[in-house]
Amino acid sequence: MTMTQTTAPATGSPSPAPPALEKDGRTSERSLAIRLLARPEVGVFLGAAAVYVFFLVAAPPVRDGSSMANILYQSSTIGIMALPVALLMIGGEFDLSAGVAVVTSALTASMLSYQLTVNVWVGVLVALLVSLGIGFFNGWLVVRTGLPSFLITLGSFLILQGVNLAVTKLVTGNVATDDISDMDGFSQAQKVFASSFDVGGVQVKITVVWWLVFAAVATWVLLRTKYGNWTFAVGGNKDSARAVGVPVTFSKISLFMLVGFGAWFIGMHQLFSFNTVQSGEGVGQELIYISAAVIGGCLLTGGAGSAIGPVFGAFMFGMVQQGIVYAGWNPDWFKAFLGVMLLGAVLINLWVQRTATRR
Amino acid sequence: MDRSSHSRSRRYVPVVAAMAAATLFAAGCSSSSGGKKADETGNDVSAGKATTPRMTVALITHAAPGDTFWDIVRKGAEAAAAKDNVKLVYSSDPNAGNQANLVQNAIDQKVDGIALTLAKPDALKSVVAKAGQAGIPVVGFNSGVSDWTKVGMLEFFGQDEEVAGEAFGKKLNEVGAKHTACVIQEQGNIGLTQRCAGLKKTFSGKTDILYVNGTDMPSVKSTITAKLQQDSSIDFVATLAAPIALTATQAISESGSKAKLATFDLNKDAVAAIKSGKIQWAIDQQPYLQGYLSVDSLWLYKTNGNYSGGGSQAVLTGPAIVDKTNIDKVAAFAAKGTR
Chain A
3 MTMTQTTAPA TGSPSPAPPA LEKDGRTSER SLAIRLLARP EVGVFLGAAA VYVFFLVAAP
63 PVRDGSSMAN ILYQSSTIGI MALPVALLMI GGEFDLSAGV AVVTSALTAS MLSYQLTVNV
123 WVGVLVALLV SLGIGFFNGW LVVRTGLPSF LITLGSFLIL QGVNLAVTKL VTGNVATDDI
183 SDMDGFSQAQ KVFASSFDVG GVQVKITVVW WLVFAAVATW VLLRTKYGNW TFAVGGNKDS
243 ARAVGVPVTF SKISLFMLVG FGAWFIGMHQ LFSFNTVQSG EGVGQELIYI SAAVIGGCLL
303 TGGAGSAIGP VFGAFMFGMV QQGIVYAGWN PDWFKAFLGV MLLGAVLINL WVQRTATRR
Chain B
-17 MDRSSHSRSR RYVPVVAAMA AATLFAAGCS SSSGGKKADE TGNDVSAGKA TTPRMTVALI
43 THAAPGDTFW DIVRKGAEAA AAKDNVKLVY SSDPNAGNQA NLVQNAIDQK VDGIALTLAK
103 PDALKSVVAK AGQAGIPVVG FNSGVSDWTK VGMLEFFGQD EEVAGEAFGK KLNEVGAKHT
163 ACVIQEQGNI GLTQRCAGLK KTFSGKTDIL YVNGTDMPSV KSTITAKLQQ DSSIDFVATL
223 AAPIALTATQ AISESGSKAK LATFDLNKDA VAAIKSGKIQ WAIDQQPYLQ GYLSVDSLWL
283 YKTNGNYSGG GSQAVLTGPA IVDKTNIDKV AAFAAKGTR
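Chains as they are written, first to last, in our numbering: chain A, 3 to 361; chain B, -17 to 321.
Worth flagging that the hints you see were computed from the coordinates, not collected in a lab.
Treat each hint with caution, since some may be false.
List time: in silico DSSO-like cross-link candidates among lysine-lysine, alpha-carbon distance up to 30 Å [as the list claims (entries may be wrong)]: (1) A:337 with B:160; (2) B:92 with A:171; (3) B:257 with A:193; (4) B:182 with B:102; (5) B:311 with B:31.
In this text, all values refer to a predicted model and were calculated from it rather than measured experimentally.
The task is simple: from the sequences and hints, build the whole structure.
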């Protein structure tokens, strides 16, 4: 099985196999270890740790606190969306419109505040309604028609992409929104969505805190509440869930609306940290969110997963993406490195789980 | 039972939303600074209207939708179309095969002229030839300055990307930069690669290429931050598009780097940043002019048989350098989104 690792560096020149795995001596306490390893989030935790250790060795700047803050920032902007996307996936559906929905939300808040010259909080609230509405629309249509969510959300992905562009052009006359940084409420909203604070001389972005808070809440909801049970149940088997009294319609629609909430949050972060929004952005991001959830142990078929797994999945993405830059490798290979590292991490994850469940 | 409670709650949603909005307005939520009220609305460029017969021109680019640069190109083309009594059909697709299909589509519509970006000459060669056989004049703009004569275009408006890069590199030497990072926001784009190559050619210091994901601004910001943290000897960042430049200014200040920044291409926020000194200069290729001249030249060709450059020389629209010394002249136009 170790072969899977040695294939990893074949394309990229300087990357040796991540060393963390060999060092781990858990096999002595077998029963507990195996129970632990069989959990999906432990595999991805080890993968993330391996990537982390690898870059600590390969890229000296990573050891610096401010570099870690930057990596965590990148991870948090993926991670905040990966969380609801993962919950939705546990509930047996997924959402291709998640990437452009972020931009829709940011555009709504920005244009509404600017065009009506109102306090930006008005725009922020309306954007929340719009985002939740998009989630509701997706969920309602999936439940009502019984069509695969792939198809429905592909449709809404395209609709949103077109609407983002056309409405922005119609309203502002340009394809980007106007700068709202001098408007009332902006600095307040910036504090909530896009500020940073000092930890031992290192500037940490507030999104990192939100990310961990959301992950903790999601974990609690999944493991300790009725709603969490419903989520697992509708993702496992919708019909038997319905038979035992789980409100399937409510669960699914609310999960889609949760993705809407995430899109709103990240959309607001983008708006308040960059002041304007280009209407063509966000395309392709949905795949990164979904990947982070899948790497984090959420099955594409639904019914299994956790909220803490995607945290490590998103961290792995952020770590690899920025680690390559910190390592100063030839950037022509950038995408290839990214792919190799992610595949390698997923294979470690898979190997850990197989080893654990076989014994 | 389940359903009825749903529809009831759904009926309340718009009512509650409207009430919330009304309350917010009533509570005096209007912003006292900024916003639309603060900005004057300018008139578009207009120069009368020709009385020549109505003609149709297809403008086909390789633009990804929603990019501020291409929006300016389109505005230039629309201004010329309005003046020349031209019906403008605009379309774009970043995929070269799809762009070729759009050209074929224009030929099938029997348009009177086609203006085309030639980002991938090989893919468009045969369809340009087909337009020629159908008797439709084709002009090139923006991309393909080295290939437009080979594929049989009538004339070309644009800048030589490599020359623009060279101008950038020379300017870097003037300000005494030692080590620059050239930020490419779309890996594999020929024009962008040529800009960095030109820069590297004339710049006497060290040049690093950095790829960022242009559709995700947080990721652009952290990648540039990472690069500046990784190599503290970088004293200059070169971006290839205005929105990327604006994000890079944040990355520079947050990474604690002393690096300066300049960019290719403009938009209105970049103009403000040049004014305030956050961006040192922009190499402007005047996208408005490219769009305008492309349409106007097809009208001239049809009405009077003229063609610029005599079919062998490209008409250059750049590189024009915009910096603090001449930014005021540009600012008013950029605010309207036309420069």
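Hints and how they fare:
Distance hint between residue 337 of chain A and residue 160 of chain B is fulfilled; the C-alpha atoms sit about 28 Å from each other, no more than 30 Å. Restraint check: the Cα-Cα separation between residue 92 of chain B and residue 171 of chain A comes to about 28 Å, which is no more than 30 Å; the hinted pair holds. At most 30 Å may separate the alpha-carbon atoms for a hinted pair to count; residue 257 of chain B and residue 193 of chain A meet this at roughly 27 Å. For the proposed pair residue 182 of chain B and residue 102 of chain B, the alpha carbon gap of about 23 Å is at most 30 Å, so the pair holds.
About 27 Å separates the Cα atoms of residue 311 of chain B and residue 31 of chain B, which keeps this hinted pair within 30 Å; it holds.
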